[in-house]
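Chains A and B, in that order, give the protein sequences.
Under this note's numbering, the first sequence has 157 at position 157, and the numbering climbs by one with no breaks.
Heads up: take any position in the second sequence, counting from 1, add 196, and you land on this note's numbering.
No lab work stands behind these hints: they were computed from the structure.
Chain B is nowhere near these chain A residues, computed Cβ spacing over 10 Å in every case:
id	residue
1	Ala96
2	Ile99
3	Pro111
4	Pro142
5	Pro143
6	Glu144
7	Gln164
8	Thr172
So the derived list for chain B, only partly shown, Cβ under 7 Å to chain A, looks like this:
id	residue
9	Ala210
10	Ala241
11	Thr245
12	Val246
13	Leu252
14	Leu253
15	Ala256
16	Leu270
17	Thr397
All figures in this text were calculated on a predicted structure; none of them were measured in a lab.
Ideal Cβ positions, reconstructed from N, Cα and C, are used throughout, including at glycine.
So the chains spell out like this:
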Amino acid sequence: MGDVFLRRAPLAQVPDDLLLAGLGAGDAQAAREFVGRFQSMVFGVALAVVGDRGLAEDIAQQAFEHAWQHAGLYDPRRGSVRTWLTRIVHNLAVDAVRIQRPTPLDPQDLPLLMGGLTDSPDRQALANETSTQLRTALATLPPEQARAVVMAAVHGLSAPQIAQAEHIPVGTAKSRIYAAMTKLHAALPSPRANHD
Amino acid sequence: MTELTCQHCQELAAELALDILPCHHRAQMLAHLDRCTNCQDTVCALTNTVDRLVELLPPAQPPAGFEQRVINALTPPPPRARRRWIPAAAGLLALALATGGWLVSRATHDPTPPPPNTPPISDAQAGERTVLYAPLTTAEHQTAPQQIGQAYLYPGHPSWIYLSLDTNSTTTNDIIQCEVIGPDGSLVPIGTFPITHGRGTWGGPAPVNQETLATANLINSKGHTLAKAHFPHPQKKTHPTNLTTPHQTSPTRPPLRPARQRIPAPRSGNSAG
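This is chain B alone, in the form it adopts within the complex:
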């Protein structure tokens, strides 16, 4: 395969970014990019321009029923429910009403534990929910732990976790295992994710609830605990705040904004890559 010069690459960079290069030129470009950071930067910048250009395309209202068809495809009903749609619809409605929101903040609530078999926290308004947040801190400096990421957990049905890690070590490439430790010391592995150049994010199902979760641990491939996120029992005093996400904040400053600050409207936010 003929090697490309930087000049050739610069000439073809726009077509690579547009994904319209013929296969043989594409292979030559990728081989060159493997060893040339300058040309990599050019292609990345032009790819960003293509992304912005495609995002200019005007939105269009999809046909009636589209949203429901997509929802059905994403969350298929169980087989028995397919045969009897009316009870299924009733069941879904009941479920939506029962779990209709996110859990209410405990920040200002009476610390008295809720009665057994009662949801410990419930939302007054459907469509509202609470996500738990805890900083991911280095495990080795217990006296002055350093924050190196964020952990978000939704302890509902289904429960899920979202982690963002930045170790400040640009040479670290590893596979990280995430495990959850309960108040009784029980340990549940919930998944693995890669970090490249010391950074990584991961989200996925986490079989936990507020009663069983105590700590999320991140373990590196050598078996060492890289970071921990400690979620105290929900009856402890907590602090309400707005939701932001890792890429909106710097790891070196408080990750969440003051409670009274407005959250940007989601449809206009998150536009920059």
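So that you can see chain A by itself, here it is in the shape it has in the complex:
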């Protein structure tokens, strides 16, 4: 016992959670690498939710500031750094939309967003098995269920808001959300299998 392991490694190879620890400690190099590694993902999530590049930029910056200030709260048992950061930027974006817009979603935007979620060739090359399975499951959902779950998951629309947008009863909107989530969940490997 007592061995110290030293490794010289490019910053690009430093794992995400170690990089986050460095960011939280005020390490400028770690901060630069962290932002470079995640900026496209963070900006992409913000842009998909708010649909405005200027607002998305503000939200993406807020997300990195939040990650920096709360790096110590990250718990690897509850998900990867990518998942944690996605959750942060998504929550900020949904909150911003809820404050700024009485109607959070333009129905014209939905087909474009659905296309981005189910058919993204650039991402396919980097996709892991889980995301491929989920993408396939989403593409094979009945269209009305897919719309409902995307409006809820991406835009944070409640069942009454979805009912209003789709001109359906609230109960039907709830049923569509429930059915879609059940199918998507069934399509994913169990968390245990995911770690193996």
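The hints should help you fit chain B onto chain A, whose structure is shown.
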């Protein structure tokens, strides 16, 4: 407040996971989840599905200058530097060149100590750095210490530490204090962090360098030493290895992979929660 049945909870679980439930239903759900592990499991699984779904959103290239604006916000320059940006930029450049990498591994180096006032270890390539690793072991079994976690330390500027602890005691909930003991016996408390169900992680600034660090101690709320990570003096022989992190390894097996093994590309790694 009306109590929900498990059937009601199962029906609302998707909306809770999606964070779109009205406040009163949310409160009812949370009250039920407090005492129902089955429904907790359902909500956790559906929350995981929502996370994966949001992660499918396509990345987008931010506007030019975005990265630098964020960096500036995360690492604000000192007040004097704001008034004179050119010297500040020059200073930052010099600093980047001077500290441009992580410390070089001592594994195969001559153990002769470096001359005074010279950085003991320096990186040849900018952007490379070395993180020190030591296993966290139980303090009470000195003859056969048991590994119960990992400690990572970057002894640069600023220096920081990252700890991961798994005591194998699922009933342990406590606040753990971390302190660093120098070779001369000096003791520096560097922070506290919670452990729940015997497990916890923590990262933060640690005012240490390779010359002053000897041991990191974790003390429980009763004042007992729960675990230690011993960092021998850097001139001792060390072993190079690749960087992995606690959740990528099992505490019961060697925590770091052999040196020749490839490190997964960071952009595609760390995707599973």
